[in-house]
Amino acid sequence: MKSASQVLPLEITGQSEGYERSSREAGWPLWEVLIRSKQGLDHKHVGSLHATDAQMAIENARDVYTRRMEGVSIWVVESKYITASNPDEAGELYEPAIDKVYRHPTFYQLPDEVNHM
Amino acid sequence: MIIQDLESNFQSKIDQEIKIEPKDWMPEAYRKTNIRQISQHAHSEIVGMLPEGNWITRAPSLKRKAILLAKVQDEAGHGLYLYAAAETLGMSRDEMINDLHTGKAKYSSIFNYPTLTWADMGAIGWLVDGAAILNQVMLCRTSYGPYARANVKICKEESFHQRQGFDSLLVLSRGTVEQKAMCQDAINRWWWPSLMMFGPRDSESTNNDQSMKWKIKRKTNDELRQQFVDMIAEQIKVLGMQLPDDKLKWNEEKKQYDFGEINWDEFWNVVKGNGPCNNQRLDARKKAHEEGNWVRDAAMAYAKKRKMPPSPEGELRAA
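Chains as they are written, first to last, in the working numbering: chain Y, 1 to 117; chain R, 118 to 436.
FYI, nobody ran anything at the bench for these hints, they're computed from the structure.
In this text, all values refer to a predicted model and were calculated from it rather than measured experimentally.
Here a beta-carbon is modelled for each residue, glycine too, at the ideal position from N, C-alpha and C.
Accuracy of the hints is not assured; some may be wrong.
As the list claims (entries may be wrong) - From the derived model, a few chain R residues whose C-beta atoms are all more than 12 Å from chain Y:
1. Met118
2. Gln190
3. Thr205
4. Arg291
5. Asp326
6. Met417
Claimed, not checked - Here are some of the chain R residues that sit facing chain Y, going by a computed Cβ distance under 8 Å:
7. Lys136
8. Glu138
9. Lys140
10. Gly194
11. Tyr198
12. Ala201
13. Asp211
With the hints as extra help, turn the sequences into a complete structure.
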């Protein structure tokens, strides 16, 4: 059996088993939009849109996602260039972190005198 | 894993309030129900631009025109958020648009009523957007992640829609005799169709049970409708207007308003395509889509051309 990652493409490209890819490709490509809401903060994924090229994607993102001063910087990336992890593999992927409590500061019980360390 | 295990895993995630994300396993019926509901929600936002677009050029002041333009632009954005959410379930934008144009997909029947006077802009903002907000606030907690997130964005923008509507009616309600009459007339015409927006009675709704179990919906049609009546019945007092329902009465025992029976024949009739503006709305959408074809093609051709390596001739010219 094929692994789910082969059968189900990216979440954000929206393709999944049982649906034709061709009808999507007839339209404009899909882009993911990331916005920095103010200087000093990360760009954050806000949604997606269709556009013929990067310039149009930025202009459309401006119109759709920053009408109320929500951003000072926009990134766009064509969705097909994003690789996503597979939720079915979440076990193997994240399990190694589960038993390493010593990576957290709360693991260490220190005398009261140094409690604000 | 066998299908029963997948299904019980899925339901247990829902029960634990864990959101379902696009790549997660989901029952085919859950996928289909969400595609249907989200795309119809998207279509409603897009078709919903038409009755209001009708009044942009005739708004009574520059201020009202700017507000109306901003509101209609928001609806386009809401349509886009929702189409994008539906696309994560595997249906393409083109297919969705096609289903709308062929009549396979529905949109909210409320937009099949005409906007006859300026006061209708106020009534739509207050009543129609007010009803939509109750639904969308509930949907901020729907189980499908992308749909929930789209609704959060929508709700942030939508409350201005309702407030500007009420504000506009408030001005009319304090105006001349003619303005007051226009305000009351708009309320009379939009009240019952607004109540119909919540859909059939719970006892007649085919999708309610499963959608509640999957937490696609969190409240039933009748619960949301009651919430709406209780809210509007209070707000209308500020306008000094009347709701066109002589059965509307506070029920002290139930702590809610009793109200009259919706004309369900009218409801089903409009759903089936026989409302006052069904054809007009669909024709306008199809015309816009067809007449925009060359623009979409040209933009695509331009993008392709720019990606191509320059021809020797082009290089010469550049030099």
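Going through the hints against the structure:
1. At roughly 10 Å from the closest C-beta of chain Y, the C-beta of R:Met118 falls inside 12 Å, breaking its exclusion from the interface.
2. R:Gln190, annotated as away from the interface, has a beta carbon of chain Y within 12 Å; the closest lies near 7 Å.
3. With a least CB separation of 5 Å from chain Y, R:Thr205 falls inside the 12 Å interface cut-off, contrary to its annotation.
4. Separation of R:Arg291 from chain Y is adequate, the least Cβ-Cβ distance of about 29 Å exceeding the 12 Å criterion.
5. Consistency note on R:Asp326: stated as away from chain Y, and its beta-carbon is indeed over 12 Å from all of that chain's, at 25 Å minimum.
6. Its beta-carbon lying about 5 Å from the closest one in chain Y, R:Met417 breaks the requirement of being farther than 12 Å from that chain.
7. Against a cut-off of 8 Å between C-beta atoms, the interface hint on R:Lys136 is violated, since the closest Cβ of chain Y lies about 12 Å away.
8. For R:Glu138, the suggested interface contact is upheld, since its CB lies about 6 Å from the closest CB of chain Y, less than 8 Å.
9. Look at R:Lys140: its Cβ gets to within about 5 Å of chain Y, closer than 8 Å, so that hint holds up.
10. With 8 Å as the threshold, the beta carbon of R:Gly194 comes within range of chain Y, its nearest partner Cβ sitting at about 5 Å, so the hint holds.
11. At its closest, the beta carbon of R:Tyr198 sits 6 Å from a beta carbon of chain Y; the interface hint therefore holds under the 8 Å criterion.
12. Using the Cβ-Cβ criterion of 8 Å, the hint placing R:Ala201 at the interface with chain Y is satisfied: the shortest such distance is roughly 5 Å.
13. Restraint check, R:Asp211 versus chain Y: the minimum CB separation of about 5 Å is within 8 Å; hint holds.
Hint compliance for this structure: hints 1, 2, 3, 6 and 7 are broken, all remaining hints hold.
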